[in-house]
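Chain A is fixed; fit chains B and C onto it per the hints.
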Amino acid sequence: MKLSHQQVEHIARLARLGLSAEERDKFSLQLSDILKNFEVLNELNTADVMPATHSIPLQNVFREDEEASSYSQDEVLANAPRKEENCFKVKAILE
Amino acid sequence: MTYETVIGLEVHAQLLTRSKMFCSCNADYASAPPNTHVCPVCLGMPGVLPVINKKAVEYTIMTALALNCTIPEYTKFDRKNYSYPDLVKGYQISQYDYPISEHGWLTIDSNGAKKKINITRVHLEEDVAKSQHREGYSLIDMNRSGVPLMETVSEPEMRSPEEARDYLVKLRSILRYLGVSNGNMEEGSFRCDANISLRPSGSTELGGKVELKNLNSFKAVYQALQYEVKRQTAVLEEGGTIAQETRGWADDKGITVTQRSKEYANDYRYFPEPDLPPLFLDRAWIKEIHDGLPELPEARKERFMTQYCLSLSDASILTSSRTMADYFEDSVRLMGPDRAKLISNWIQGDFSRLLNAVGIEIESAKISPEELVEMLTLVDKGTLNGPAAKVVFEEMFHTGKKASAIVEEKKLSQISDAAEIKKEVQQAMSGNPRAVSDYRSGKESALAFLTGQVMRATRGRANPSLVREILIEELRNSQE
Amino acid sequence: MRDDKLCQLTIHEAHELLGQKKLSSLELTMALLQRINEVEDKIHACVTITEDIALEQARQADEHISRGEITPLTGIPVLVKDVICTRGIRTTCSSKMLENFVPPYDATVVEKLKAQKAVILGKTNMDEFAMGSSTEHSAFFPSHNPWDVERVPGGSSGGSTAATSAGEAIYALGSDTGGSIRQPAGFCGVVGLKPTYGRVSRFGLVAFASSLDQIGPITRDVTDCALVMNVIAGHDSRDSSSVPHVVPDYTKNLNSRGRSLKGTVIGVPREYFPDNMQGEIKTALVAAINRLQELGATVDWEVSLPHTRYALAVYYILAPSEASANLARYDGVKYGFSEQNAGSVIEATEKTRQFGFGAEVKRRIMLGTYALSAGYYDAYYLKAQKVRTLIKQEFEQAFEKYDALVTPTSPTVAFKLGEKMEDPLQMYLSDVCTLPINIAGLPAISVPAGFVQNLPVGMQIIGKPFDETTLLDIAFAYEQATSWHERKPML
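Quick note, the sequences are listed as chains A, B and C, same order.
When you number the first sequence by the numbering used here, it's gap-free, plus one each residue, and the end is 188.
When you number the second sequence by the numbering used here, it's gap-free, plus one each residue, and the end is 1807.
When you number the third sequence by the numbering used here, it's gap-free, plus one each residue, and the end is 741.
Everything labelled a hint here was simulated from the structure, so no lab data went into it.
Don't be surprised by glycine CBs; every beta carbon is placed ideally from N, CA and C.
Among these hints, one or two may not hold up.
Said to hold, decoys possible - Which stretches of chain C does chain A cover? Using the computed rule of at least three CB atoms under 8 Å from a CB of chain A, they are:
| id | stretch |
| --- | --- |
| 1 | 351-361 |
| 2 | 480-494 |
| 3 | 608-620 |
| 4 | 636-647 |
What the hints assert, rightly or not - Chain C is nowhere near these chain A residues, computed Cβ spacing over 12 Å in every case:
| id | residue |
| --- | --- |
| 5 | 141 |
| 6 | 158 |
| 7 | 160 |
So here's chain A without its partners, still in its complex pose:
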């Protein structure tokens, strides 16, 4: 399975990952290489196998609907790269 530049760009777009042309070329080769190694899985017939969605058989882990104090506004915003009016500031979101 060889990944085209177009496919690499599509994946990068989905992942919101900017790529330089150089990175794109390199990834298309490296990812193709890695994907080739995944073909080994096709040796196995897994038609009747249940997928393992979790590591251990836990179930029904809940918390009660109890309220606890939130963090202070200062703590919430302390790491914000840009802020204004006690909000996180981003470039204009187009609706």
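Okay, now just chains B and C, sitting in the frame of chain A:
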């Protein structure tokens, strides 16, 4: 050619839990300053983990049961991956292939007949943060991030904007009856997206599906759908085709406009949430929830009609909200079922008018059922006459005072003392000799005039029938 | 006692001295800070040194000790892998993305250490977001192996293992997603345990692959490993994947010298000794397993786990898939690196991630995004989940017959810096013996089991779910019968 309209609705309702879906922050952020109901979990900080709010699952099951859904034994949460600045983790914890419930229905009244609308699924997820737009940039407040959000998806079975509106009203009324959502569209705690397409009557081939967004009120849903029916019909009639797209309702202009797609491609890459073990919904728990369900609007309406002999229209209005129906029944319980119609008239008449004018719901009113009944009892006893009762009720509504106190304070009690009225009658007669002679010469209207004079002099408090009785007697006496 | 001796004390040795008032926590802490000062320019194990905090914590620990309040970890200095959140101390994951990120919360394991009055010296270097096997994928600098500074310490917890080996801390915490504790422990000649999935809380552990990640101890001997486990293991209501099982006393069986392994049945799966394995490693392992036999264990050399050959593919589908979602939150909005020289909000996100992440992280995000994307989900992600079931079942069957399985920790000894940087697949193969264990969620420990060309060799012992006790028993018996763990690197 005529076209058939095909509408499906997706409704997102915030659940009325105390805490958020996956953390303990207070979920009621309506009046909170920005970013004050936030912790590392709902801020999507590195290394923190979600824990499922049991109440949110319970509320979703309640809703599913009320909507006649099947509740499977196995359900799980999944990650829905997409990127947007208001989505803190870059994925939304939602449900994909094993939702909490599927295959339900509710009934609407369509042209006087009952119609069943099937419900595809009801599932649970988390709300995203809220953004505000400024000149050239946007601001994000995380208070809403992580509030439990229940999504109800209907089958595309509504055939007109009216049916869509009825479905929405019905669904909201059920959620409010259950107490799981406040159903407030304007505040955004109850949100609706609509899918609409047209097809030539008799055909099964659907036209392009248009998704409508930004529907912030029942009116907006109705008007946007009406607009789309017209728009799509016009396009089809000119031989055009309808493109599959997302359109937003521009409330100020009364039209729908093409919206830029927020996703580069709709590839959400769902996969099971590894941080949350799956749920096995114990049948005993489901039964317990089922047994605890309140009487739902449809059943209550039927009961009101038989138990209190109310009309369909009266029963529908009284059961449109659980609190109004409770108010009505509490009042009837105090006054007796034979007075149900009187109470119904008051609730639907003066009470509703005043509530609408102030813009509040009946549960926020200052008048309790006990106080309403006290006032009505004063009328029964003859202490208050009809016009004065209206005045007293309005005063009660605004001040929260009891009827008896207002009657006392404003001296509004009816004058039924014959001697007192006789004095007033004699005064009116001596002050209006012309009217007296008119009456004697056979003019019946003079009697009404003189009665009015007495009522005015007593500021409406005189018992009108007594006034009339004494007036006739006095006129006859003075003639002799 | 000479400072360099102090720096190489075990937890239980230091605890004894502290209890007898022959040593203060402050002295020990100062000796280690001094040692860090001396060797860091060669080892580069640490990203952040919290000298002031450590000295204050040491003073407090000494006060507690003077009041007779002492537990095995009281006053003992520790280094914490920089993927574990520390309140008020920056937690970088060795990434430019989080270079200045200061969490307002402690990971549960850090809370537990603090409750014991442990002394936190600082945060250790790692492969960026724990993705890598050499610690060369740190955005800041590579760490070096104390046994040969031309070589890597392994990864991704290479900073923690190098520091423990070089005497920069008495012990350290690491995290293990596919071998990130055990492989570098093997490379650096220290003990490293990956607990059963769910045994130790992941709250505050910056997620790489949520269904595989576990925090574990990196120590100088098996007793220390058990002592740390006694503190960090246990249920946490903030981690829904942590189990409510009772935590046993892991040190219970570790006090009788010359313990016999009579009655213990050990399997040796041949798939973990592939043809391309370094011959001397095989020789060292055979000798080590023979020693287990001499100690009384019954050894079956003919075990076969044929699904082992699929583990690498399963791992490199599942881990990157989960990672692609886990790392989606780094968008420059809430915290961390943020590139604003962009035309739109989308472009700002893309550039933030382009410049904030290193090559290996990007490679794995790409791989995972692809494996989950429309049209490929069934062929990759779903298929891998199904094969995960088969691998788990195969281990379950093996554990019906064996108390533990023994393998090499890694197919090679520590390799040269730069050797595998341009060949991701070769780097991935470094974890071929360890990652099947994460796929199955099992516990496994790596213990020093010999030397090849003066470089440490690790033996991996794999146990049944939640049976860390048996692993520690076997490891302890072996350690008592050998002296590999006593050798220290010359620096």
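Inset, instruction - Output the numbers, in ascending order, of every earlier hint that fails for this structure. - result: Hint check: 5 fails alone, others pass.
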